[in-house]
Amino acid sequence: MLKRTRQMALGALAGAAMLALASGPSFAQNEQFIPANGYWVGPYAPGGSGFFGGVIDYFQMLNTRDGGINGVKLTWEKCETEYNNARGVECYERSKKKGPTGATVVHPLSTGITYSLIEKGTADKIPLISMGYGRTDAADGRVFPYVFPLITTYWSQNTAKIKFIGTKEGGMDKLKGKKIVNIYHDSAYGKETIPVLDVQAKKYGFTVTHIAVPHPGNEQQAQWLQVRQIKPDWVILRGWGVMNPTALKAAARAGFPRNKIVGVWWSGAEEDVIPAGDAAKGYIAAGFNLPGTNFPVMQEILKQVYKNGKGEMEDDSRIGSIYHTRGVVAGIITAEAIRTAQGKYGKKPITGEQMRWGIENLNINDARLKQLGAVGLMQALKVSCMDHEGGGAVKFLQWNGKKWNVITDWIASDQSIVRPMIEQSAAAYAKEKGITPRDCSKES
Amino acid sequence: MLYREAGQFKATYVEDQQIFPIRQDRIAFAILLAVAFLVVPLVGNQYWLSAILTPFLVASLATIGLNILTGYAGQLSLGTAAFMAVGAFMAYNFELRMPWMPILGSFALAGLCAAAVGMVFGLPSLRIKGFYLAVATLACQFFVLWALQRIGWFTNYSTSGVITAQKIVILGYAVVTPASKYLLTLSVVAVMALLAKNLMRSQTGRAFMAVRDMDVAAEVIGIRMMRTKLLAFAISSFYCGVAGALYAFCYLGTVEPEAFNLDISFRILFMVIVGGVGSILGSFLGAGFITLLPIFLNLVSGWIRHTFGVELDHAMLSNLELIIFGGLIIFFLIVEPLGLARLWQIGKEKLRLWPFPH
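Same order as they appear, the protein sequences are chains A and B. When we follow the numbering used here, the leftmost residue of the first sequence carries the number 1, and every step to the right adds one. When we follow the numbering used here, the leftmost residue of the second sequence carries the number 1, and every step to the right adds one.
So that you can see chain B by itself, here it is in the shape it has in the complex (with noise of 0.2 angstroms):
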């Protein structure tokens, strides 16, 4: 009923190949985007945006950036917070040297220095594979942080070794609010997540993935090996650059170097695999089921404590909740190796036969 395509004939290539081929789609996206960019800011509250929301979305922008790495060029990377961290920092820096700068422009200055960075630790890639290039990856984490913590010029001599983001002004709007700080970070994230989107489309994001499918027949059709590999750490590492300075700039406000550490290397890793590998809509499903579950889980429990008036010990909840969170996770992964795009993919494609299955 509601995915009836009857009438809906495509005359040209563009039609065939856009986006969103069946036209319900288009008209929910729309929707979808209008509620994010108009309604959300008008009825959510300060907790939502500036906790829940802007945080899923700088999350799912870091997952898209691994997930174009790991995803689409399958070269695993246990470096994403390292990027992050990179892009911070970088943006931080930026502003700061340099007070005329805009600050979209900082942030993608930063993203270009997490490209860079990525690019160095992406060289192994072209030797080493799999499991072996995880490690790999894990020496850009412990380096990047290590160098953020010993060399004061990163964090302009601060004696802790923290920053605090600048303020934001576009056009002379000062972003201070978590309203505008929400909108500033879901613009850039619907724009990215377009541009990635379209890439994996695109040549290039052939190219990526015959690289992951089969690396040597790739090179046999006549895809470079080295530009390949390197570009998809450099576009990777941009957007998990990019991530980090929204993370600093836009949620956290104040951030050390230990923020980035190698958990939300592997958060990340594990949004991208609960979302699903190789898919864009997964970077989102995947970032907001690692986020928001287990904030998610402790209001339930804090809700079922008022309700039922049982007075659960605190930390056995605590436990509890991590708990429940894991068996979640393995029994997603049990029920859909793919992730959770594979399911929406399955249901949509339920719903476009229904009523009459076949």
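Extracted from the complex, chain A is given alone in its bound form (with noise of 0.2 angstroms):
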């Protein structure tokens, strides 16, 4: 019995083998393929599940609506990556020969696999775009041809984060002296902002501690007796996941004010407030994206997607929430330099480099936000050769319990800071690596 058992089950494992192999999705030839490389699974999965649903949602809305892009149906393969490099770079493996013209552009939604394909990426001329995430000094596009850190950087984030600190206490000046804790998830992604950190300090006279919290941080005492003990101004919250809603319960509980903490945009979405219920009330985060179903383009995805059930999102209450709609701007970025790729090249299939130029020569303004149904919803961006990042600027919402507030306007970032750091780091790796820089003014 437990021979047969065991033979049917051989039998079945390599048969199955045989025809994974054997057979793959077909794709029809007017079509643009992008890959939703993401995670719906593990402790990130808000995250992950929250960005792509909102990518495919804005994709079904212009596949349904307008037909594609001119014309090119958008197509896209789920990839389980798990928030784990290793499976990452498998899915970037998997994903980038499928379709007529292979993988567009890469969404990596995690610093760490962000890293792991800047290389393989610019190897196989395929776009690596890492909205609010991944490498800062990618900003520099003379080193890092292929990889978008558009919207606003890391460290543009905390510059302006530190001006929004800056403008609580009334004035620039009246930072010297003041005291902040920078709690942060200890991996790349929480490192980052540690030297632009120290460079503020010295500039504007305030001290700094770095305390590090280990992945995946559901245990926070320690740190938090240590904010205790130095009594901060301000806590900058650097979490990610299910260090976000700890953190906060353990303010609460050291008795640190919420509305003292500052959070970055992976800590401020409502994943990361609901669990800490009424600790989070009055905890203030940046956001590159505003929630709500009331922008036009959300209407028109509520229109054309949910209304024929074929939406990403299985529970209502998170259309419109921040991952949701992080995912609509990430959509929207994407269709754009498709779109302006097509300008160039024509209204069929673009490849990967051809994407790569669209990308750099993307320039959404204001008047093509109201077009699309966005404004609002994102700040006008403007790439260029120099600059990949192409917008920076951030706004603050605090939570209060219910939902998230708008606080504060658009703050841009203190780019005479970050530019010059951003170069320095770019030109060290391009040392590292022997990579001549391009020269911008050849670009067409």
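No lab work stands behind these hints, which were simulated from the structure alone. Even for Gly, the Cβ is constructed at its ideal location relative to N, Cα and C. It is possible that part of the hints are untrue.
[As the list claims (entries may be wrong)] What the simulated footprint calls covered on chain B by chain A, stretch by stretch (three residues with Cβ under 8 angstroms from a Cβ of chain A suffice, anywhere in the stretch; the number is not a length):
hint, stretch
1, 51 to 63
2, 244 to 256
3, 318 to 328
[What the hints assert, rightly or not] Beyond 10 angstroms from chain B on every Cβ pair, some chain A residues (computed):
hint, residue
4, GLN226
5, VAL375
6, ILE411
7, ILE417
Since each chain comes alone in its own frame, lean on the hints to assemble the complex.
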């Protein structure tokens, strides 16, 4: 009996293996393939499923309403990365040859995976968009032609945050002598802002203490005890996933006022505050996209996609949540870059190399934002060979226990601090790797 | 039929003691090696070479490393990923600070560094055993990652704590294509697996097994406990270190210390247990099972979706894959607690007797 089960199991496995290898999905010719390599399981699933839910909802809306982009239908395929570098690389390798022109562009949605893909994407001529995450110095497009940390990088965001704290204190000169604690997720992502904070601390005369929280961050007693000893004026929370509600609860227990905690945008979604309950009231977070379903583009998605039962978000309350609209913003950027590239290379499926040109020459101005129905959802964006970031401004939101309220206008980042650091860091990378930076004046 | 051994006589001890005493095995293995070295790089596409076979080989090497320690010498360890991290980061540093160093030299030196770390954290094994030792090696796991994240020197003061592996150049030939990286990994793994196999058949290997089976008895017959245990830690860590260096240089390219977290240590321990404790072949089978099965399940679910047109929810599917994966591990452990290598052995015994079982 046992023997037979064993044989059957092995047989079934072998048979399934053959089938899986023999066939793959087929693609029609007039299609543009964009891989959806994200995560729908594990501790970071809210971020991954919300983000890619938004991207796919927007693509679905374009397909239903306009029949794609200039007649080219958008296609996608999900691949589970589990927020794990090795799986992310596997998904990338699997998806890069799919569709008539291969993967158009990859959104890794993980700083670690972005790092692992920089060289591979550059070699394969597939652009990476790391929107609001990833390697900050990739904003220097001369050294990183295929990497686009669009809208705002971590460093830009961080300078805007210090500006925000400055205005709250009544002027940047008032920052002198203040104490700021930076609580960060102990990973490449978390550490990214340490140098820019140190530079600003020197410039404005405040002291900054960096406290690491080991992955995944569900134990923070010791860290908040340290915060209590330091008695800082502000805490910057650089968390991710389960670390965020834990931090807010720990702060409440340590008696630290939540309206003095400023989070990064990966700490500022509904999923980050709701589990913390009342402890999250008053907490402030940065954002480069705003939540809500009132924007015309969100209404279009509701009408074209959700009415037909094709929506990605199963839970209706998550439609228009921060992660969902962030995905919609990513969808808009991707689609607009494809449109830009089509303007130069013709209305047919474009290659990764052509897409790279499309992103680099992307210009979403206010008039275009209005046409797209995304005024207020995102900021205007203009990318260039020199500047792969394009935007740089941040709004701040405060959680009132029910929803996120916008409490500031777009706060511009301080490029006088960020840009020299980016160029210095990119130059060091170029030297280590033996890359000759492009001459941007020769790009067309 | 396949395994008819009629006419295969062994006239010398050397013949009797070779790794593959049966001629058919030798031929099959030679064919396997020829396919792996010659055919696969030609026919394998980029996806297979760089996303499936290379990580599989790296995982196999790390599993051999842990198998030497846990399977042969009986010392339970949860520090495998830490030793891999030491290998990866030290190989990077050797290449960075001594650019003239040939890459294989860096790998070997990185392996030696891992071996040194392994010996230090192997010291508690002289006093404690079993699960308690596993907890002691857990300290190694956390300490090494902590050190790599805190001490800037290891990452060349990179702001985000990430290292990017240098280009591999061997005798003026740049190893950049997936096929060449695969071949490099395969060569290293093949040579080291052969060495491990022979080492375990030598006096050292027998000393390891004596310690595993009963350390008091081993001591009574004159095996030096300290030397044997620390040697097991050193050799095991050396293998893991080289595996870590290959992981960084031939697979991921860019790594952060967090890539070598406890999860990896556990996965490699599972590879040892599922594959077969105390078996080199089992290391390969276990690594194959644990690294390839999730990807394979993922491909199958995609295939089912496209063929039958069933639109399944992706999140549910992803969770289902994890459930099936866990279920299969339990299934195989119940069917054969000694691992896949034992299943293979039983199958071979049956084939040798076939068609006249007795």
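Evaluation of the provided hints:
no. : hint       : verdict
1   : 51 to 63   : holds (count 3)
2   : 244 to 256 : holds (count 6)
3   : 318 to 328 : holds (count 4)
4   : GLN226     : holds, 16 angstroms
5   : VAL375     : holds, 32 angstroms
6   : ILE411     : holds, 23 angstroms
7   : ILE417     : holds, 14 angstroms
Hint check: no violations occur; every hint is consistent with the structure.
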